[in-house]
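Novice: Given chain A, work out where chains B and C should sit, using these hints.
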Amino acid sequence: MGEDTPILQIKGVTKQFGKLLAVNNVSLDIVDGEFFTIVGPSGSGKTTLLRMLAGLEKPTGGDILLRGNRVNDVSANKRPTCMVFQSLALFNHRTVGQNIEFSQKMKGVPRAERRERAMELMKIVRLPEDYYAKSVTKCSGGERQRVALARALASDPDIMFFDEPLSAIDYQLRKHLEVELKDLHRETGKTFMYITHSLEEAMVMSDRIGIMQAGHLIQVGTPDEIYTQPLNKFVSEFMGEVNTLAVRRSADGKYDCAELSMQLAAPASTDSSETGYLVVRPESMRFLNDPSEADNHVKGSLFNEYGMGSRVQYHVRVGDTMLVVEKLREQAYQGNIDDDVIIGWNVKDSVLVGD
Amino acid sequence: MEDRKKRWVHSLIGVWTGVVLLFFFLPIAAVIVSSLSKSRYFRFPMKEWSFKWYDETINANLTENLHLTSVYVAGCVALIALVLGFFGALAFARYDWKGRIFYQRLIMLPIFFPQAVLGLALLLWFTYIGVLPTWEAAVFAHLVWIAPIVTLVISIQVYGFDVSQEEAAYDLGANRWQVFWEVTLPALAPGLFSGGLFAFLLSWGNFSLSTYTTGADSTVTEWLYTKMSSGYTPMIPTMGAFSVYGSVIILFAGYIFLIAHRRRAAKRL
Amino acid sequence: MATTIDKMSPPPLLPQPTALQSFGLWLRQPGFLTATPILIFFLAGFVGPLVIVLGFSFLPERTFGFHGEWTVENYVHILTESYYISFLWSFGLAAATVACCLLISYPVSYGLAKVFGRWAAPIMLLLVIPLFVSENVRLFGWYILLLKGGGIFAGTAKELFGLETGTLLYSNGTTLLGMVYVYLPYTLFPTTLGLSLVPKDQVDAAGDLGANRFQIFREIELPVAMPGILIGSLLTFVLAVGAISEAKVLGGANIVVISHAIQHEFTYAQNWPLGSAISMFAILITGTLVIYVMRRLDLDRLLGRR
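Sequence order for the protein chains is A, B and C. Taking this note's numbering, the leading residue of the first sequence gets 1, the next gets one more, and so forth. Taking this note's numbering, the leading residue of the second sequence gets 356, the next gets one more, and so forth. Taking this note's numbering, the leading residue of the third sequence gets 625, the next gets one more, and so forth.
The following block holds chain A by itself, in its conformation from the complex (with noise of 0.2 Å):
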């Protein structure tokens, strides 16, 4: 990463459609150089919040500082962004190169010089030399998106806005993708602004992410910041399985939870509410042979496990609740479905969040 200069900053946007509030009061600031990747649920405002950035929606309240200049007015044409759009958008009727050098011949660049940038570009995208007149209709899945990718990159903009760009494609191309798209950010060093529903995928990416919900810019932190410590339910909920549980602070510092019968001891809190959620994420549980090993325990039945290639995933029945513990193939629980166990973990690996 370069100096910590925000190249982009956004200052209490709002869209407005209508009665709804697409995107609600954000606010931001873009490192330049990094790679950030915006998270939430569809209908959480993030599209919209890109294409605004992007130029192709105006905002209704707020600012867009592009390196200090108001951009607010400043359509997407004329803005030195560039985006993948969802569907790749790709000029259906002409060929990779025609694609590739479309921005290029917009400003009026020489066929001979457009051709050469095209080549460099297809050679970074990893693009065999021979695809240049290719059709983009007998392109797989994968080319096209290395075709959207070199297009974008051949306007040289300061910062490229990616909308969804792999949700479309299967598991296997997917992760290739993802890795790739990280290399390309750091051979090219340009500031990457991405959008996904999936957390997964930005962890994967991201230098920072950003956590959307309703319009609301609800966390924003490194991976690591948002995986272990989730501001809320919400954000704690998006990682995918982690047990959740309700709980209510009690006399001597512990919390009661209604759902397992017992009290449990819990990290300090740093607001004074009453209830709250313990979050227990499944590789810091642990099987127990006796329960002083950790600071809780809980007792259960084992209902069923589940291979999940280097790692095992187990759901253990505590009355009517279903706790999930993770571990590694290599420690894997060595007894049988139906059997009675008891599982614990420590506080230190418990986050208390609120609603």
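Rather than coming from a laboratory, the hints here were simulated on the basis of the structure. Note that beta-carbon positions come from the ideal geometry of N, C-alpha and C, so glycine has one too. There may be inaccurate statements among the hints.
What the hints assert, rightly or not - Just some of the chain B residues that point at chain C, by a computed CB distance under 10 Å:
| id | residue |
| --- | --- |
| 1 | Pro382 |
| 2 | Ser405 |
| 3 | Leu439 |
| 4 | Arg449 |
| 5 | Phe467 |
| 6 | Ile484 |
| 7 | Trp500 |
| 8 | Ser519 |
| 9 | Ser563 |
| 10 | Ser573 |
| 11 | Glu577 |
| 12 | Tyr580 |
| 13 | Gly601 |
Stated by the list, open to error - Computed beta-carbon distance windows for the label pairs:
| id | chain 1 | residue 1 | chain 2 | residue 2 | range |
| --- | --- | --- | --- | --- | --- |
| 14 | A | Lys11 | C | Gln645 | 48 to 58 Å |
| 15 | A | Gly18 | C | Gly692 | 49 to 59 Å |
| 16 | C | Val752 | A | Asn72 | 47 to 57 Å |
| 17 | C | Glu685 | B | Gly485 | 16 to 26 Å |
| 18 | C | Thr660 | A | Ala214 | 44 to 54 Å |
| 19 | C | His691 | B | Thr588 | 39 to 49 Å |
| 20 | A | Gly240 | C | Gln645 | 46 to 56 Å |
| 21 | B | Val364 | C | Val700 | 47 to 57 Å |
| 22 | A | Asn304 | C | Pro654 | 32 to 42 Å |
| 23 | B | Val364 | A | Asn304 | 15 to 25 Å |
| 24 | C | Pro746 | B | Ile604 | 14 to 24 Å |
| 25 | C | Ile709 | B | Glu419 | 42 to 52 Å |
Specialist: For chains B and C alone, kept in the frame of chain A given last:
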């Protein structure tokens, strides 16, 4: 078992389609065959074959006039229908706007309309507003039902058009006009081409509307009808044959043009 | 450091536009603007003439202008005279045409949509070609085929089998043949479109769940293809009602369809008001049918919106 039965049904369908195709082309073949007869009256099997009547027909002044009129009308209809249909299709399929569904149904109405009644209504209308029936009036009449058809044809192409291509082009630095010229128009070109071809051919072959609105001018179709209603003359089949040749040539020329254009576009770097 | 943004204070909502402003905005929508050219043409070329016909239908007979006299005598005339025969002929013939066209084209449509695969496109091209040859030419072809004595069928029969056939022309059957011939494509193509909408996996699933061929047809194919079939039938019917040439060329003086009756009033009889009134009847009946069917159709889905 199921498979064998299925294949049997499929071959039946194939045979049936063959019969229908034969049925379609039989009268056309009949026209062409009869145009080659030498005698003044029609008799089958034909005793003598010749191109005599082709000669007579080509040389008659009448033929040139008729064909020119038909061509003028069809040409104008095609051009105007393309313009009306292009914008109409954008409203039909591309933009989401309040009233779109109502507009869709409204525009389709002239298609579902008895043409003879439409022709007469237009004649009445022209008389009322003081317009003389001429070939130009026929262009207007044809457009009433052809423009909606062209709108439909182009709309089909528009439905398949990914609108974000336009946004992407804009984002890459194109101004509004460049977006239209470099992205929208080329992407919709196939639909425009088939729409124009359709319009030309539908107008070329139309009778019901022409008959009421051309007035003193006459198209090939009108001439055929008048002559046919009063019995047989050998020029009828020859004119008819010419009409067939014309349609086939135009269709194939269009098809070849389309293929050649695709090849050229692929070669262009 | 993890940061959080205060989400407690939303900014005040912008004011909503007034009714007049909303209307202005509606006019300026790109959708409406692009619709304008064809809408204007629609008004001038379709609505205008219809209004005039409506107006004329209330004029006294054999008048040619609006001079302030209005009457319903034309309508009374139609209802009391034997015009209903022509109407019955037209609508009956049209209905018969639709029925025959549906029966003939369904297997072909099915083939095009489901069976022929990559041969579907060339076959469709072949089927389309006759559409572009004028119907008069094609009808003339039938005339030659069916002519007494010297016609192609008659001549062949005589040469090969020594049979003398009477004329096949000038009968109701022949007229129907001509109509079916001319209007078959108008049934065929929409039906093909409708059938192409039937998803193969639903058909497979139904079979898997125990349905036999007829049940699959009734429960899945027919409902899904119905919009296409409806449009095809409607189009064929309405166009057949307005047919002129078939009856004249192949049916002779036997059959007087509505279009002839109307034409007669406008030309020989010079009775425009009566002609207009007959037209209004035809328009009202076909119009009601069309509106009824159209309201049930989802054109976007039929034409391929994703």
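Novice: Does each hint hold? Answer for all of them.
Specialist: Going down the list of hints, with the structure as the test:
1. Pro382: holds, 3 Å
2. Ser405: Since the shortest Cβ distance to chain C is 17 Å, the answer is violated.
3. Leu439: holds, 5 Å
4. Arg449: holds, 8 Å
5. Phe467: holds, 5 Å
6. Ile484: holds, 8 Å
7. Trp500: Result: holds, 9 Å to nearest chain C Cβ.
8. Ser519: For Ser519 (chain B), the interface hint is violated, since the closest Cβ of chain C sits about 13 Å away, which is over 10 Å.
9. Ser563: holds, 6 Å
10. Ser573: violated, 13 Å
11. Glu577: holds, 9 Å
12. Tyr580: Since chain C brings a Cβ to about 5 Å from Tyr580 (chain B), closer than 10 Å, the hint holds.
13. Gly601: holds, 9 Å
14. A:Lys11 to C:Gln645: 48 to 58 Å: About 29 Å separates the Cβ atoms of Lys11 (chain A) and Gln645 (chain C), which means 48 to 58 Å is violated.
15. A:Gly18 to C:Gly692: 49 to 59 Å: 51 Å Cβ-Cβ, so the 49 to 59 Å window holds.
16. C:Val752 to A:Asn72: 47 to 57 Å: For Asn72 (chain A) against Val752 (chain C), whose Cβ atoms are near 53 Å apart, the range 47 to 57 Å holds.
17. C:Glu685 to B:Gly485: 16 to 26 Å: holds, 23 Å
18. C:Thr660 to A:Ala214: 44 to 54 Å: violated, 39 Å
19. C:His691 to B:Thr588: 39 to 49 Å: The hint (39 to 49 Å, Cβ to Cβ) holds, given that His691 (chain C) and Thr588 (chain B) are roughly 45 Å apart.
20. A:Gly240 to C:Gln645: 46 to 56 Å: Given range 46 to 56 Å: holds, Cβ gap about 47 Å.
21. B:Val364 to C:Val700: 47 to 57 Å: holds, 56 Å
22. A:Asn304 to C:Pro654: 32 to 42 Å: For Asn304 (chain A) and Pro654 (chain C) the Cβ distance comes to about 56 Å; the hint is violated.
23. B:Val364 to A:Asn304: 15 to 25 Å: violated, 48 Å
24. C:Pro746 to B:Ile604: 14 to 24 Å: holds, 18 Å
25. C:Ile709 to B:Glu419: 42 to 52 Å: Distance hint for Ile709 (chain C), Glu419 (chain B) holds at roughly 43 Å.
This entry does not satisfy hints 2, 8, 10, 14, 18, 22 and 23, going by the numbered hints stated previously.
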